[in-house]
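Protein chains in written order, with my numbering: chain R, 1 to 462; chain X, 1 to 462.
A few of these clues could be false.
If chains are identical, the list can't say which one is meant, so a pair holds when it fits in one copy or spans any two.
[Stated by the list, open to error] In the PhoX-like style, the derived pairs of lysine-lysine whose C-alpha atoms are separated by at most 25 Å in a straight line are: (1) Lys156 / Lys32; (2) Lys410 / Lys32; (3) Lys156 / Lys212; (4) Lys410 / Lys212; (5) Lys32 / Lys212.
Simulated from the structure, these hints should not be mistaken for laboratory data.
If you're wondering where the values come from, they're calculated on a predicted model, not measured in any experiment.
Listed below, chain by chain, are the residues.
Number of protein chains: 2
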Amino acid sequence: MSDGEVVAQLREALGDRVDTDPASLQIARADKSGHAAASAPLAVVRARTVEDVQQTMRIATRTGTPVVARGAGTGLAGGANAGAGEIALSLREMDRIVEVRPDDLIAVVEPGVLNGALDAALAEHGLWWAPDPASRDISTVGGNIATGAGGLLCAKYGVVRDAVLGVDLVLADGRLLRLGHRTVKGVTGLDLTSLVIGSEGTLGIVVGATLKLRRRVPGDVHTIAAVFPDVRSAAAASAAVTAAGIQPAIMELMDATCLAAVHALLGMEVPPARAAQLTLQTDGPAAADEAEAIATLLRERGGEVAVSADPVEGERLLRIRRSMHPAMETLGTTLIEDVSVPRSALPAMFDEIARIERAYGIVIPTVAHAGDGNLHPNFVFDAEPNAAGIVEVPPTVWEAADELFRAALKLGGTLTGEHGVGVLKSRWLADELGDDQWELQRQITRVFDPAGILNPGKVFVA
Amino acid sequence: MSDGEVVAQLREALGDRVDTDPASLQIARADKSGHAAASAPLAVVRARTVEDVQQTMRIATRTGTPVVARGAGTGLAGGANAGAGEIALSLREMDRIVEVRPDDLIAVVEPGVLNGALDAALAEHGLWWAPDPASRDISTVGGNIATGAGGLLCAKYGVVRDAVLGVDLVLADGRLLRLGHRTVKGVTGLDLTSLVIGSEGTLGIVVGATLKLRRRVPGDVHTIAAVFPDVRSAAAASAAVTAAGIQPAIMELMDATCLAAVHALLGMEVPPARAAQLTLQTDGPAAADEAEAIATLLRERGGEVAVSADPVEGERLLRIRRSMHPAMETLGTTLIEDVSVPRSALPAMFDEIARIERAYGIVIPTVAHAGDGNLHPNFVFDAEPNAAGIVEVPPTVWEAADELFRAALKLGGTLTGEHGVGVLKSRWLADELGDDQWELQRQITRVFDPAGILNPGKVFVA
Chain R
1 MSDGEVVAQL
11 REALGDRVDT
21 DPASLQIARA
31 DKSGHAAASA
41 PLAVVRARTV
51 EDVQQTMRIA
61 TRTGTPVVAR
71 GAGTGLAGGA
81 NAGAGEIALS
91 LREMDRIVEV
101 RPDDLIAVVE
111 PGVLNGALDA
121 ALAEHGLWWA
131 PDPASRDIST
141 VGGNIATGAG
151 GLLCAKYGVV
161 RDAVLGVDLV
171 LADGRLLRLG
181 HRTVKGVTGL
191 DLTSLVIGSE
201 GTLGIVVGAT
211 LKLRRRVPGD
221 VHTIAAVFPD
231 VRSAAAASAA
241 VTAAGIQPAI
251 MELMDATCLA
261 AVHALLGMEV
271 PPARAAQLTL
281 QTDGPAAADE
291 AEAIATLLRE
301 RGGEVAVSAD
311 PVEGERLLRI
321 RRSMHPAMET
331 LGTTLIEDVS
341 VPRSALPAMF
351 DEIARIERAY
361 GIVIPTVAHA
371 GDGNLHPNFV
381 FDAEPNAAGI
391 VEVPPTVWEA
401 ADELFRAALK
411 LGGTLTGEHG
421 VGVLKSRWLA
431 DELGDDQWEL
441 QRQITRVFDP
451 AGILNPGKVF
461 VA
Chain X
1 MSDGEVVAQL
11 REALGDRVDT
21 DPASLQIARA
31 DKSGHAAASA
41 PLAVVRARTV
51 EDVQQTMRIA
61 TRTGTPVVAR
71 GAGTGLAGGA
81 NAGAGEIALS
91 LREMDRIVEV
101 RPDDLIAVVE
111 PGVLNGALDA
121 ALAEHGLWWA
131 PDPASRDIST
141 VGGNIATGAG
151 GLLCAKYGVV
161 RDAVLGVDLV
171 LADGRLLRLG
181 HRTVKGVTGL
191 DLTSLVIGSE
201 GTLGIVVGAT
211 LKLRRRVPGD
221 VHTIAAVFPD
231 VRSAAAASAA
241 VTAAGIQPAI
251 MELMDATCLA
261 AVHALLGMEV
271 PPARAAQLTL
281 QTDGPAAADE
291 AEAIATLLRE
301 RGGEVAVSAD
311 PVEGERLLRI
321 RRSMHPAMET
331 LGTTLIEDVS
341 VPRSALPAMF
351 DEIARIERAY
361 GIVIPTVAHA
371 GDGNLHPNFV
381 FDAEPNAAGI
391 VEVPPTVWEA
401 ADELFRAALK
411 LGGTLTGEHG
421 VGVLKSRWLA
431 DELGDDQWEL
441 QRQITRVFDP
451 AGILNPGKVF
461 VA
């Protein structure tokens, strides 16, 4: 069936929720990874209700049209990029907070609500939506669930998988399933809620979620910033904090290139050459004691340490870390990677990154969620957009990334800690899973989506 | 193929790991639910290695023989009961702790290690295996994973799903898959680790697990025991503790019948008629403050409250709760149920239980993990074993249980919070999942186990 006929069917069923404005179609090609589909999708459907989603999927099934679910488009692996012949199904306008239950510590939400907006609404009840990707102010809860996103607080407060009790899922054929439960415990049948979390649009369309909330942590955070002579000593110090049994809420590491770029961006003094920084926060009733213990430990390991119990000063110190992505953009085009290793392997992983930098003659500025072992090496390169307006990652960068992935796997790590596989990492998926598991996972997607219309060409690419 | 031929093949491959002692076969028929398979399995294979498990599964696939995985046999839903023509595959002897990494807060274990034994070994490193089913001293980590078991500490410290990073799984055809990761974060492909947790032997045989540990919580626990005039006021008080934003580590509720039975068992003074008890523990740096706040709240709500910071006295108070199961055994044969409801619905669920007691003229002593909304109503009855030596649950008890399940579902709850579906709840599974989801889940099991030899007749019974 022609694109025109599919659009006509969509329009008949969904009216003005079908957006074919060229500018909208261009936006739907890309996410924040810098990668984009080679051409634009046939339409963006802006669903407002579950029924809208079901109608879209029924038409997609009937016409054999692929569907790419999309939230705010802040993904970093190309998982929500929609291309030729595909429907981009936007859940962004389904952004209601349906129910907040302080007594049961749960909220029921639509997928398009922004993580930050949800958390702000919960704050009025003393409640907290803990999953905090760095993008929280611009990313949706549905996108968070689809990618299995992480964030800065995961070592202490868990990942999104620990904070979702149930999801409502529209299948490829338009049927609606209610997965999971509203209770703290529940083991009735297989845990399809967890299976959907991180499935990147390959199993169905998430149209609702029951979230497990926390109380806001009382008291002020304490912030520790420590400058080390080089990245390896900073990494070793962060591993020592974990090994000492102290649990900071946040522990972020920036290497020298990152630090210098951020200082330049923010108009701060030039940091010492090769200097790397650890930024930590402690919270809760033991925040002051923990901050002191951490400061002592970091000083013993050669850090130049500043501690603050003042929230404003703390936010200023953390701002250096939060300015990372804009600072990278000043250096060139970046491919942001996302390997994760056991925390004890952090120093070794930084050694590997240094080795790959030397081998390829490139710079790989790296920031790490050192509290949980998740690194974001940034491959920075200069490249002009091609005829289709796409900046392609140069082959040598992919070769270097390939070495990086293999090094992480060898150290007991994983290809992606929180960004997902999308299009950018699909070629390495079988390396980590093994062929048998890859095939089994592929078969599971076929149970949900027999015709293969859900996000084809992502994650599982044969 | 005849049972004898299957046993011959097993013996040839596995020698003395194949146990056909009639006493062993009798034990493998039953778990702690009181329910047993109608007759005995053809053999118990006592695997010592992953290769033993793979060999068993290859023979099972070749001969079309069903396999029932089994740990310590402490399940409460009949999920590990093995019957005629089946192989009981015991993982109990695979009980090594393979690796403990205090720096990465992980342990790698074989499935047969006891939860309590693992935790004792971890204590030497200051580490803690938090998942704590009441059976922890006699139940295995593998069984904990297979059932998705809960325990007393779940509201504060999570369920087993939150504490497992990866599992090694032998498929029906004998292939070994390594699922999950060793890192805090990891989103490479579908989360099959979570899918296996709680799958009750229907997807594969868990032969290893990478566990996410916690540091032991420093300081002494504080224990609060509060007696209320009736169970409803105790339930309302427990919901009020949650709603007030105080997070005890443990919050257990016992109704009047339970309390009286335990007092009798332990030779304690007879409690006031209708009196119900809440037992709470607080821990961590704010333990004393939280205990005081809880005591004040419970007194305001009519509780007669005792608080203790003495660990010995605390253990004495908690012993009353821990003696629940032996006390029930003094009353008759019991069917232990396991519904879970949102915490705010606890008082309403106790009203429903009282209604069902009146309607059926039976007593349903109930204990609840009130901190997380998980109730264990005990249906007590007198019945003689039948010719096969099985005590059958009388039809009226099943009718009453049916009303209980439906009441829990209506209150936003679930059929089973932590015991699993097994054989005892399979007939209600579709009521909670809906037919579409039931069928989808069934198809997923077929991806792992196309021939349907893994624990047939459990969980998914058409």
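A quick look at each hint next to the structure:
| no. | hint | result |
| --- | --- | --- |
| 1 | Lys156 / Lys32 | neither (27 Å within a copy, 36 Å between copies) |
| 2 | Lys410 / Lys32 | neither (29 Å within a copy, 43 Å between copies) |
| 3 | Lys156 / Lys212 | both (16 Å within a copy, 12 Å between copies) |
| 4 | Lys410 / Lys212 | between (35 Å within a copy, 20 Å between copies) |
| 5 | Lys32 / Lys212 | neither (28 Å within a copy, 32 Å between copies) |
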